[in-house]
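Residue numbers (UniProt numbering), protein chains in the order written: chain C, 1 to 293; chain S, 1 to 314.
Because the hints were derived from the structure by calculation, they are not lab data. Any given hint could turn out to be false.
What the hints assert, rightly or not - DSS-like cross-link-like pairs, simulated, lysine-lysine; straight-line CA separation at most 30 Å:
1) Lys-22/S to Lys-271/C
2) Lys-294/S to Lys-22/S
3) Lys-45/C to Lys-22/S
4) Lys-271/C to Lys-291/S
Unchecked claim - Computed far set for chain S versus chain C, every beta-carbon distance over 12 Å:
5) Pro-51
6) Pro-111
7) Arg-232
8) Gln-233
9) Gly-313
Unchecked claim - Facing chain S, from chain C, some residues (calculated, C-beta under 8 Å):
10) Pro-256
11) Met-269
12) Ala-273
Where is the CB? At the ideal position from N, CA and C, for every residue including glycine.
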Amino acid sequence: MTDDLLDGLSDPARAAGWADAPPRVGFFTDTSVCIGCKACEVACKEWNAVPDDGFDLLGTSYDNTGGLSANSWRHVAFVEQPALPPVDPVSAPVDALAAAAEATPDFRWLMMSDVCKHCTHAGCLDVCPTGALFRTEFSTVVVQEDICNGCGYCIPACPYGVIDQRAGDGRAWKCTMCYDRLGDGLSPACATACPTESIQFGELSRLREKAERRVATLREQGVSRAHLYGADPDDGVGGDGAFFLLLDDPEVYGLPPDPVVGTRDLPAMWKRAGLAALAMAAAAVVSFAGGRR
Amino acid sequence: MVPAADFRSYYGRPVVKPPVWKRDIPAYLFTGGLAAGSALLAAGAQFTGRPALRRTGRVSALGALAASTYFLINDLGRPERFHHMLRVAKPTSPMSTGTWILAGFGATAGPAALAEVAPLLPERGPLGLLRRALPPLGATAGIGAAALAPALATYTAVLLSDTATPSWRAAYPHLPVVFAGSALASGAGAGLIGTPVAQAGPARRMAVCGAALELYGAHQVESQGLLGEPYRQGRAGRLLRAGRALTAAGLAGAVLGRHSRVASALSGASLLAASVLTRFGIFEGGVASAKDPKYTVVPQRERLARRQAAADGS
Ligand code: SF4
Ligand code: SF4
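Make a model of the complete structure from these sequences and hints.
Dropping the structure here:
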């Protein structure tokens, strides 16, 4: 089972036992066109009847949501940057450097709508001991609320800090990619509401091609830092079902720069535990073999 | 020395979510280990004819098992659904694996402890039959419990490491050593408290082995550069240092106080307390590492840089 998980599945739904699964779907969130309107946050709350998070003023630019949580399944991050951080002079082509210097005034604003990544190798799903988390026929990752017993294991297991326990409810909650809407042939609420097509929904393979073209265009225009995040099936989680076009390092948006699902190391972990268990048994034998007293 | 970490983050907010587990979980790490250590002690006593030590081991294994079950259920967000754990057996989930190990342990350690009531039963009648049937049953069950004990004591290390919690994940080679040692030391501690000195020799030797493993493992965990830092600082650091001091005291008492029942019992109590502190320290260290984005971002950046360097070099 672990071996299956390690070989970069192209079709997680089929691997999870869906015989005639539709093609894998996902989100491509292009942050370069996000205007920070938060229509996605609102649409998600409305459609999924997600309870409110309380009214907080966080003092973090226009972001008063803070991050993804049990009650926030889309989160728009706002980063105000006084000036473009220096372009890496080694990797960036010279003309891009010049273009960046020209195109950037003394301020830029990064906005990004974050969401559950619906990982190919999902840590949350792997560790869930009740089977509440499951892989849908669309290759998304969903919690069954009638099964979850609130053990909480999925929460530290997610390399992106997405899934969370809902206070007063006890169970774990996160984005379902609008499983109910997908079943009816509709797009998720956030993608439908997004006015700039920053959130695009569709067949994952097509979205990946589209995203490659968009990065190429942006780079031609001198945005040398534009890059895709989570689009690579060879990364530590086997690629994300929801991936992003970013304009700065992932950690600037609160994303891990190199996430790796715990399951990758699980065989090595059990091996070390096995050795320790053997040492423990040996210690017990030695304790009793050591004499009459 | 750890170099000053230079990194960027989103308003200093954590990247990964710290675990939502309450104190029940570190408490369970302790009671689960105590149950395992006690079961091993009881099995050894059973083979070498030390009835008082056997009784202590079996009874404390059952008591620790009952406490474990309570802690695990109490920590759930929906305790009434605890049996949903038994819907599946999932090899990718150490918690699922652990649930089955614990269930098996309960099914063996329970009857083993029950068998200890045999001498209290009347010699005649149907209960007399039970009086004769229980000891062999208890012996078989005791062997089963001892066989599962090392797994019970160490799977919890895998459970913590198989997360995105930076200092737990990184410590995966060493956490099982700490937990195995802590389980042995606490089981031996219970043995030293509940057994006359004449039968407590093996508990003493087990205390020495356990304490040595616990100290060595904890040292390794704390020495892991940047990701060892959360174990050296703040609450986690204080807990682990106090644990180390009590382990050392318990170790000394177990060896030097071997002719005194009181000294033995005190050293046993010291070892038990040390195990509690160590478990809470390891737990808190992980939580602290998840709350500070530094521990997620910096090691991942270094990994990326190494990969980049390797790609450039080849
Ligand atoms: S991002 Fe986290 S919660 Fe979403 S599928 Fe991946 S591991 Fe699960
Ligand atoms: S909290 Fe619920 S969804 Fe998360 S691992 Fe536990 S049972 Fe599964």
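Against the structure, the hints come out as follows:
no.	hint	result
1	Lys-22/S to Lys-271/C	28 Å, holds
2	Lys-294/S to Lys-22/S	24 Å, holds
3	Lys-45/C to Lys-22/S	28 Å, holds
4	Lys-271/C to Lys-291/S	29 Å, holds
5	Pro-51	14 Å, holds
6	Pro-111	20 Å, holds
7	Arg-232	21 Å, holds
8	Gln-233	20 Å, holds
9	Gly-313	15 Å, holds
10	Pro-256	5 Å, holds
11	Met-269	5 Å, holds
12	Ala-273	4 Å, holds
Violation of the numbered hints given earlier is absent; every hint is satisfied by the structure.
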